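Using the sequences provided together with the hints, build the complete structure.
The listed protein sequences correspond, in order, to chains A and B.
Sequential numbering of the first sequence, starting at 1, is according to my numbering.
Sequential numbering of the second sequence, starting at 1, is according to my numbering.
Hints are computed from structural coordinates only; laboratory data are not their basis.
Just so you know, these numbers come straight off a predicted model, no measurement behind them.
Identical copies go unnamed one by one, so any copy, or any two together, can satisfy a pair.
Computed list of lysine-lysine pairs in DSBU-like fashion (alpha-carbon distance at most 30 Å, straight line):
no., residue 1, residue 2
1, Lys277, Lys25
2, Lys252, Lys294
3, Lys17, Lys62
4, Lys17, Lys277
Protein chains: 2
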Amino acid sequence: MQELNKYKDLFHEQVRKVQDQVCRKIQDLDPEVELIEDIWEREDFEGNPGGGGITRVFTGDKVENAGVNTSLVYGKISPEFAKKFGGNADQMWATGVSLIIHPRNPKVPTTHANFRMIQIGDKHWFGGGADLTPYYPIEEDFLEFHSVWEKVLRPYGHYKSMKETCDTYFTNTHRDNEMRGIGGIFYDHFNSGDLEKDFEMVSKLSEEFIPSYFPLAKRRIETEWTPEDEEFQLHRRGRYVEFNLLHDRGTKFGLESNGRTDSILVSLPKRCMYSYKYAPKPDGPHAKMMEYYKPKDWV
Amino acid sequence: MQELNKYKDLFHEQVRKVQDQVCRKIQDLDPEVELIEDIWEREDFEGNPGGGGITRVFTGDKVENAGVNTSLVYGKISPEFAKKFGGNADQMWATGVSLIIHPRNPKVPTTHANFRMIQIGDKHWFGGGADLTPYYPIEEDFLEFHSVWEKVLRPYGHYKSMKETCDTYFTNTHRDNEMRGIGGIFYDHFNSGDLEKDFEMVSKLSEEFIPSYFPLAKRRIETEWTPEDEEFQLHRRGRYVEFNLLHDRGTKFGLESNGRTDSILVSLPKRCMYSYKYAPKPDGPHAKMMEYYKPKDWV
Chain A
1 MQELNKYKDL FHEQVRKVQD QVCRKIQDLD PEVELIEDIW EREDFEGNPG GGGITRVFTG
61 DKVENAGVNT SLVYGKISPE FAKKFGGNAD QMWATGVSLI IHPRNPKVPT THANFRMIQI
121 GDKHWFGGGA DLTPYYPIEE DFLEFHSVWE KVLRPYGHYK SMKETCDTYF TNTHRDNEMR
181 GIGGIFYDHF NSGDLEKDFE MVSKLSEEFI PSYFPLAKRR IETEWTPEDE EFQLHRRGRY
241 VEFNLLHDRG TKFGLESNGR TDSILVSLPK RCMYSYKYAP KPDGPHAKMM EYYKPKDWV
Chain B
1 MQELNKYKDL FHEQVRKVQD QVCRKIQDLD PEVELIEDIW EREDFEGNPG GGGITRVFTG
61 DKVENAGVNT SLVYGKISPE FAKKFGGNAD QMWATGVSLI IHPRNPKVPT THANFRMIQI
121 GDKHWFGGGA DLTPYYPIEE DFLEFHSVWE KVLRPYGHYK SMKETCDTYF TNTHRDNEMR
181 GIGGIFYDHF NSGDLEKDFE MVSKLSEEFI PSYFPLAKRR IETEWTPEDE EFQLHRRGRY
241 VEFNLLHDRG TKFGLESNGR TDSILVSLPK RCMYSYKYAP KPDGPHAKMM EYYKPKDWV
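So, in structure tokens, the structure goes:
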């Protein structure tokens, strides 16, 4: 327990560092972007101080909306909550960073990542990942994103399984199993038995988010786009909302456990669109993009 | 069973009639509106013909998007499906109309209604209701809507309970119990034991949708609106999507039972908006409108 407490602080430090770095990168991508920072606190199940978090929300012309949140929560939990994790522990802590970026330019993908460490009773694990949701078929960008994750996970041997978990997880089962985007990596309840090694791996993952996304975003952020490109983007953002509200376990868990609604739903895009039986023009770039929303071997 | 089969056909006739009438009213409200009609069929659990439906979807400048759907489905059901209804029946039928109208003008409320009759094994019941989601505080319109339902339900003594069920049901529990709109009536598993009387009541309800909505819509459809009115509308439409995807049992049930996704999600507004901690300007009409999104005695 004492050793785990050390990791709680270390991991919290790590996610705070990542939060600051990612925020600077967003401001670099869109120097005019507006930032709101909210620092919040919570009580635990018994009404004692239970930690809190820092929510940072960006709105701008280039980065239409983004959220970069960290939290460190701890304390007593309800028996009902404990049961969800298959035990009768009464104490927990969790710390992590979660982020989402919805750029305005349809040629810059939406991206999402989160890295968290959790302990309930005497069990601990890591969860998280990073995934890309592009709206324009620029294959070299997709390859670059996946390559970063493959490279950092190579020494640990987890790329293939984490990539497959991501493909399966971010899927709109109610839309003929269309993926939300082109995947990335995802893992949950990760605990290899070697805490030091797991900690090292997840810390590295959290540091690789920046090189996985910002170089490609920077390359595309000033490129031209057409009204059709935007229409397709808004339609796919609608699918993004469908996934997040219908299927995402993190959203569901957050809302059900009385999390801070505005911090959780900051994942939704500022604008989106729904159309009956939407289909892109045949043979165009958007029809081509549709072919990428299914599992694919990237590296 | 034979008597119930008679009601299956009678109720299907009734909902088809309502569908046609509502569609004409939508075309009257927006003469330029485009209509797509899709006639679909389904198979039952054993792959035999299991009925189908008629989906009608409207898109226009005044009626931004609308859907008016009927279906009559029947046949064998899976044991898993039967269990949800607390039995081991292997046959069912269900018929109903469900409709949603999202006008472009923020001074014309969004509305939703559905009227359905279901039999599983030897149990049958009615479900449905009608509710209003305005975006501008025009109290006389709200009163008119509720008055129609109060009047038709008066002889049956069900207005109060159906109004309260509606207030409770269409609530975003994750948004401090804000209602989706200003309510209306809602009922489920309705069966008083007097089939003839229940049938008569629900048929009347289905006929009162037109007088409850179209007169007020017609009065407001040509009125002016400001960009702030539209921004507030788009924000509230975002809340509408949150309700439908997070909480609506009909949506959940439809998607889980492998319903036709595009027919189910036609309930979503064409455009919507999400903003972090959105709040309307104090003291304006939109701040006033916020006060209506909670249970209120109307008549």
